[in-house]
Amino acid sequence: MKPKTVFSKIVPYLLLIIITLPIIVGYSWIIISTFSTKTHGLMPVDRAGNFGGLTLSNWNFIFEPEIWLVTFNTTILAIGLTLGVVVVSMMAGYALSRIKFPGRKAFLSMTLILHAFPTVTLLIAIYFVLKWISGIPILGRGLPIIGGFGYNTLGGVILVSMALQLPLGIWLMKGFFDNVSWDMERASLIDGCSRFRTWREIMIPQIKPGIAALSIFSFIQGWGSFIIPYSFMVNANKATVATYLNNLLSETAPTNYSMVAAVGLFQLLPVLVFYIFTQKYLLSIFAGGVKGSS
Amino acid sequence: MTITINNLVKKFGSVTAVDKVNLDIKDGEFVAFLGPSGCGKTTTLLMIAGIYKPSDGDIIFDDRKVNDLPPKDREIGMVFQSYALYPHMSVYQNLSYPLRLKKRPKEEMKREAQRIADLMGIGHLLNRKPGQLSGGQQQRVALGRALIKKPKLLLFDEPLSNLDARLRISMRSEIKRLQRELGITSIYVTHDQIEALTMADRIAVIKNGVLQAFTDPESLHDRPKTLFIAEFIGNPPMNLFVAEIKSENGKLYAIIGDVKIEIPDVRRPKKVVNGNVRMGIRPQDILIDEKEGFDTEILFVEPMGRDDLIVCKVGDMQIHFLVDPTTNLKAGNKIKLKFNMQKCQYFDMETDLSLLWN
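If you read the sequences in order, they're chains A and B.
Quick note on numbering: numbering that gives the first Met the number 0 labels position 208 of the first sequence as 207, and the sequence is numbered without any gaps.
Quick note on numbering: numbering that gives the first Met the number 0 labels position 35 of the second sequence as 34, and the sequence is numbered without any gaps.
Just chain B, same shape as in the assembly (with noise of 0.2 angstroms):
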């Protein structure tokens, strides 16, 4: 089913939480919608779940206008952060209350909940209450609850907000695994943006209501459009600074401080005003160099298992980067460090937006 948001605005009183935002989400492909909380992102979920009803706008499933259809007659399946089971029924009752609901016949009810546990891996545990379960069991039921009427539409909650970490990264590849074997599209839900670039196909950032990039990952983490965007994917976060932007013999040079570094012909700011830009680095992309890099101290080395995190003082900045541990590196060590130029970012210091990508 592909669905169709146009200028949707959702209004608390006289808080606007969604503003005008424009979705086109294709047959099949899982989408993310990505923000901090109170985002507005659940508010926009609940929309096309049908639970809120749009203030303006409209929502389109396949070419059905949905706004007043409730949310029993859309077809969709949905998975919550607290995963919503009924405590007073069991496992069973649980998976089949949505055919129940459709006035199953009882074998079809016992045939498909059957199926949809082993489905999920908990077909031993049919009898059992939902208090009775693990976080990642009772997941796996409300992930079945959702599934179990064939639907049209997945939508997923903060699914995996309350489990433990090792958890959260096999149910991340084991609902990515099912929404491509079973080709249901899905919008999911997400604050964790390595979740979010993990498991979409495209990704909806959004920021206090408002639509700020509708992409691949990929894009979104390189040519990141706004400034919101580049600090807030990637981790650790990019290095962000004000950088003075100068012309010299027909080179364009950034300066920082009293660092000067050449900027590449092909990854030139578009436009510069008043001389300086915000110029965004990612820790991967600073590398040590003893020959052609710029002189600067290590304040302190945080050790990150893979990789070390080091904090340098350029001007009166501090960059973060990461080296290999056996490096060594210690805190007062001098070292000399290379920009990979050809990764920078550039943003306009007045509108937040991408001097290079807009």
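Just chain A, same shape as in the assembly (with noise of 0.2 angstroms):
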């Protein structure tokens, strides 16, 4: 083999570096601005346009008890939608998987037709629903920290946005299943579980991975949603990050940009941490006692 040029090693990094040059120009602006009066380009500059005007006042909106209450907000609908879809999925997934029923092979392609439906184009008939919601007692608007399933309530948004959600879910999780072998859990269900135990305490732990991914979408698309709470939460700017950023942006003018990047970087640091802290899960790979398969 001929021993490798400089050339033919500096060619890839210059091409991912070509490549990733607009992301890493797009965070380093958002990184810069928090903290300038204005920029040039990349460069922090005062009103007169000289460099400098370094300033931390773009982050005065933490000291606002506002910016609290969605947070707390967001991170309800990201939790409760994360366990919802990742319960219901595993549940569900499991049985599709698994469980010969009549109606299996339409229920799985009707999913994935609900899964390719825009959700904007659901929206309205998703109000009438929410708004039928609200008139049950107590499960429609009378439920502590989600105030209910119904409309203008967290929980109306999660229960919505986890309907949106559990297509993608359900289909991940069967294809974990799949893999898991048949000869596990019949070995399992011989050494005298139930089926419910089976599925609790042998073929969940073989989708670990599964779950942590399904968890990691399910949280990073709940605290990012926008169209959703937006739509079905009447004070938008008390609702979740996402309609405070959007308030920002249309409802102050002149529109204070280092300001907006400022609540974006606010925004993007929780599940910055979420992932530096589950990527190593994603990536682990199952060391297991199953050899070839029937």
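One should not assume that every hint holds.
To be verified - Heads up, simulated BS3-like pairs for lysine-lysine below, C-alpha to C-alpha not over 25 angstroms straight-line:
| hint | chain 1 | residue 1 | chain 2 | residue 2 |
| --- | --- | --- | --- | --- |
| 1 | A | Lys104 | B | Lys52 |
| 2 | B | Lys245 | B | Lys270 |
| 3 | B | Lys52 | A | Lys99 |
| 4 | A | Lys207 | B | Lys128 |
| 5 | A | Lys99 | B | Lys10 |
| 6 | B | Lys71 | B | Lys25 |
| 7 | B | Lys206 | B | Lys250 |
| 8 | B | Lys269 | A | Lys99 |
| 9 | A | Lys104 | B | Lys10 |
| 10 | B | Lys333 | B | Lys312 |
Since the hints were made in silico from the structure, they are not lab data.
Owing to the predicted nature of the structure, the values given are computational and were not obtained by experimental measurement.
Dock chain to chain to rebuild the complex, using the hints, since each chain is given by itself in its own frame.
Here is the structure:
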């Protein structure tokens, strides 16, 4: 084999740098502008246009109670969505992977079609459904923290987001369950497990990477979701971080882009932290006691 | 525990995987299900385990019909080809899991797991995860897990298929020894006839979901009731060819090409349709006999270590047989062969049923 020349080592890096440059520049701009009065390109400048003008005033919003209310709401939304999607998907995915029942195939293809539906087309129909749920006592709008499952409640937003996220989750979980050997499940049934216990103690541990992946997807989806909370929460600026951000853009004139960038970075941080702690898990490959399969 | 299977049928949609199988397994017996892959032997086993529900027929343990009994209540242990260990649990947790499910006290779980592990020779591995064990060690854990709850019936689903040849031989005798010592009724599914012939008290040969024979290894080998059994059992396989049967002066002759051989009275085919039969003879029952044999020429020689497998042309058929390697025969040599006609098999051309043993 020919020894690698310096040139052939550099080219891949060069290509990667060029491709990722727009993203890197974008993130750099966000970080720089949150700490500056104004920016010219990536250069922080003061009002007169001279280099400098570094400031922390863009972060003043974190002293307002409103941002903490929307952060709390967004957290509840993301966690509620994640829990709901993961639990339902684990059960539905197992059933669809392992149990024969009438309508199984139809159900699978229906969920796929549902997933292909653009959210926007469903908004008006969902509005009527949520209005109807609001009429149900307690469940409608009488629950603590999430408010209920009706219109203008956090629970309602969670419910709708879940419904839209579930097809992906169910298919993902079904795929993971499909890869667990039947023999292992049979062994546990013979060892004395009930079907439910097999699911909980034998099957779920085998698909942990899948659960981790789905949790991360769902959490990020919930954390960044905009259109659903924006449509179904009346006070959009008091709903979630995303709607609060949108509010900043549209209701303050002239728009303070540095502040928008600061709120954006604020929204990004938890996702980044969450990702750093879970990516190892996502990449972990299971070394199992199963060899070959029948 | 005795197991009685009556007219067992399993259908998957329109496909019949198991077709009216009848078996009667005695207490403490070691039975092998033998057949090519996809013949329904594993399906039968899984019905006995309670994983599949029979479409028709009965499974009876002792005197109790167990058709609808869930697997956990059947007092069985099972060993799988893929081992099916729980990868997230340690060896100790794997072994003690059946006891944990029975809510046994912790001391008993520890004691029993240690006892079984020592019996299996894996006592020093209790804290490892299955992924850190070799194939043979994993198989021992799987066997230990099946044994720990003292089952009344042990089921094996091709447990040695994933092991290397040497390990397979030692595990074979080990399983056989354990089964003898513990006296547990066992069913062993395999497609490897050597495993079945060496381990089992009786062998059930299954083809396309239909039971072909259920008998001891010796009669399966020496008195095959169907052409399928004759072809399937024995290594190297039996020579099978068409022979014309002729009666002259009260004596019966088999004519193969231009070779004419007398059939001894004690081994006459019971009936011959249209003068032709399918005749079979095992490679070890063909001898070189320079005085009485018929002429033939060696096509090629396959050294197999202990023996040489010689391929000869008789008529337009190829005949395989075994000789001592020291005879030093080569392709092209002319030799004289003699069939041991006391060991010949005859099968009906139409029905494939034996003309000797039915």
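Status of each hint after checking the structure:
1. A:Lys104 to B:Lys52: holds, 22 angstroms
2. B:Lys245 to B:Lys270: Status holds; Cα separation ~12 angstroms.
3. B:Lys52 to A:Lys99: Given that 25 angstroms is the threshold and the Cα spacing comes to 13 angstroms, the pair holds.
4. A:Lys207 to B:Lys128: holds, 17 angstroms
5. A:Lys99 to B:Lys10: holds, 15 angstroms
6. B:Lys71 to B:Lys25: Distance ~22 angstroms between Lys71 (chain B) and Lys25 (chain B) Cα, so the pair holds.
7. B:Lys206 to B:Lys250: With a Cα-Cα distance of about 37 angstroms, the restraint between Lys206 (chain B) and Lys250 (chain B) is violated, given a limit of 25 angstroms.
8. B:Lys269 to A:Lys99: violated, 51 angstroms
9. A:Lys104 to B:Lys10: holds, 20 angstroms
10. B:Lys333 to B:Lys312: Given pair Lys333 (chain B), Lys312 (chain B) holds - Cα atoms ~11 angstroms apart, limit 25 angstroms.
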